[in-house]
Amino acid sequence: MLTDLGNFKRTKYCGEVSLSDVGKTLNLAGWVHRKRHHGGVIFIDLRDREGIIQIVVEEKNNPEAYEIADKLKSEYVIGVVGRVRKRPEGTENPKLKTGYVELVADKILVFNVSEPLPFPVEEETPVSEETKLKYRFIDLRRENMKNNLIFRHRVYQITRNFFTEEGFIEIETPFLTKSTPEGARDFLVPSRLHPGKFYALPQSPQLFKQILMVAGFDKYFQIVKCFRDEDLRADRQPEFTQIDFEISFVREEDVMDIAEKLIAKLFKELLGIELKTPFERISYKEAMEKYGTDKPDRRFGLELIELTDIFENTEFKVFKAVIKNGGVVKAINFKNSNLSRKEIDELTKYVQSLGAKGLAWIKVEEGKLTSPIVKFFSEEETQKLLERTQAQPGDVILFSADKRETVYKILGNLRLHIGKKYGLIDENKWDIFWVVDFPLMEWDEEEERFVALHHPFTMPKEEDIPRLKEALETDDLDRKKELVHLVRARAYDMVLNGEEIGGGSIRIHRKDVQDIVFKLLGIEEKEAEEKFGFLLEALKYGAPPHGGLAFGLDRIVAIMLGLDSIRDVIAFPKTQRGICPLTNAPDYVETKQLKELHIKVVE
RNA sequence: GGAGCGGUAGUUCAGCCCGGUCAGAACGCCGGCCUGUCAAGCCGGAGGUCGCGGGUUCAAAUCCCGUCCGCUCCGCCA
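In terms of the working numbering, the numbers along the first sequence are unbroken and rise by one, the last being 633.
If you're looking for bench data, these hints aren't it; they were derived computationally from the structure.
Some hints could be false.
[Claimed, not checked] In silico DSSO-like links for lysine-lysine, alpha-carbon gap of 27 Å or less:
no. : residue 1 : residue 2
1   : 291       : 459
2   : 350       : 433
3   : 249       : 42
[What the hints assert, rightly or not] Restraint-style ranges between C-beta atoms, simulated for each label pair:
no. : residue 1 : residue 2 : range
4   : 383       : 594       : 41 to 51 Å
5   : 383       : 458       : 47 to 57 Å
6   : 310       : 213       : 36 to 46 Å
7   : 39        : 186       : 47 to 57 Å
Glycine included, every Cβ here is placed at the ideal spot set by N, Cα and C.
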């Protein structure tokens with residue numbers, strides 16, 4: 031039954047056959063999507079990339095083709111030569127794009143057979159992630175996955191055209207590069223030619239694009255894979271794609287303007303949505319205080335309310351202790367929720383999973399307050415609290431009192447949890463804005479040193495540089511922290527529906543400033559020389575002022591398509607433990623290979 | 001490293017609480033019938049190491065312990 035392609039040549043995609051083809055003879059090729067056998071007449075839904083068309087085979091008119099059609103099974107790969115005709119009246123199928131025509135088979139060629147599929151190409155039944163990834167070639171035949179990848183392709187095209195029109199030059203940077211400290215864990219590649227030495231896969235092309243600026247390519251862009259060996263999430267894969275760009279002789283506004291234009295263009299051309307530019311900007315401080323996160327989802331309320339001042343002199347031991355230790359008291363008011371004890375218990379469990387000791391709450395009811403803690407409050411405190419939270423009967427106020435960062439984390443996540451769980455999020459809204467005025471560095475308790483919030487090449491605000499210098503000079507750690515925390519970065523993040531989709535900064539182009547920053551980050555001169563020497567060297571030879579940004583392409587595509595996981599916009603993604611079920615990577619290698627690489631595995 | 005949810009037929013699931021006719025459904029698959037269907041229909045059939053290992057018990061899909069895998073989250077991710 032099987033036949034070679036022979037001189038068969040496809041003349042059209044199945045999905046593109048239309049009324050204008052009626053009467054024509056076409057050669058179609060594709061997969062048997064489904065077969066309906068009526069005894070005497072067989073209908074075959076033939077599927078290719080562009081869609082599905084109905085093939086008709088009648089026994090009395092074409093016994094030869096009928097005999098072959100009879101034997102066809104799902105997902106056999108066939109070619110059909112036939113004549114397009116208008117469907118008989120009353121048999122049209124408006125659900126199909128091609129539903130007003132059908133192809134009367136003249137000849138059927140069977141190019142290949144298929145075993146029964148592990149799961150159907152139809153999407154009615156969901157399939158477990160692992161099965162989908164193991165049989166990704168089947169999964170990608172599905173309408174949604176196929177469309178996702180085509181959508182992604184269009185994002186590439188629009189992006190490339192956009193940057194080209196704006197005068198940017200696309201330049202590739204190496205994947206086999208040098209491991210650098212700071213940031214994520216590197217994937218390492220052993221060097222065969224240099225025993226004991228390793229390349230690292232780039233976490234981003236950051237240093238190379240800066241060097242390209244020094245080289246005079248004043249507008250660079252690239253759609254590029256990046257690699258970070260960290261734990262995975264729904265929006266994080268070990269290898270992911272960035273839209274990366276960098277420009278010389280610019281300030282923040284110039285970079286942000288280009289970034290906005292690209293996003294606005296993608297939304298307009300792909301979704302038909304006009305985003306209002308320039309995008310709104312909020313400060314890091316505002317984001318943290320109101321939402322407890324630097325990437326707030328503002329499509330719903332439930333903002334964090336500051337209460338520390340109200341409880342400054344409280345007798346309530348828990349709050350008192352927290353405030354005395356420099357912590358804060360904040361709350362969210364879940365308006366008109368009438369939460370039951372059971373629901374509050376669930377929320378308590380949730381915050382406990384985040385590391386909270388518990389969840390203090392007040393149920394505001396008609397004429398009374400139900401709460402395990404309100405009895406410890408003074409009359410005045412209760413009054414001010416109700417006023418500040420604008421409490422009404424039906425509301426439930428949920429508290430967090432702890433170190434500032436902890437309160438942000440607890441309430442920020444609780445807010446999001448409630449928003450999702452209780453359907454507060456307006457899914458039809460597109461909330462896009464910038465977060466600006468990030469601190470340059472923050473103190474890392476564990477490592478007992480400052481770490482860069484963005485990366486070590488981010489330019490501090492000019493007016494804050496004296497503070498940096500002073501911080502460098504003082505030996506008083508508390509004073510040092512105080513000074514450093516006041517230093518703001520010339521950095522900006524773009525946030526879309528509560529996800530960070532891009533971030534960038536104006537970079538340090540002066541060696542003296544870079545030296546100060548490295549020193550404060552605890553990177554000694556020798557280390558800086560070893561690890562970033564090539565950049566520092568470049569900065570000596572006429573580095574222009576420059577800045578840029580990188581977008582997370584996978585995230586952008588996923589959000590635009592309304593998907594929760596970037597796995598659904600990546601052809602061959604990894605599972606949460608970094609495994610590819612299709613290829614079974616990572617895997618053991620031959621001892622010989624290890625030997626060549628001068629590597630010995632230690633248990 | 002930690003928390004939660006899940007793992008039963010090819011697929012998606014029910015059964016698990018309360019151990020004993022609980023090895024079940026739908027779809028798919030195989031065979032047959034059928035000339036206008038399009039999630040075709042009708043009749044018949046095959047198909048399971050209940051993730052894995054151990055324990056408790058007269059008896060375990062069901063209870064307990066451990067472990068592996070998938071997903072979500074915290075930590076981590078400049």
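Subject >> Unsatisfied constraints (hint numbers, rising) >> reply: 3, 4, 5, 6 and 7
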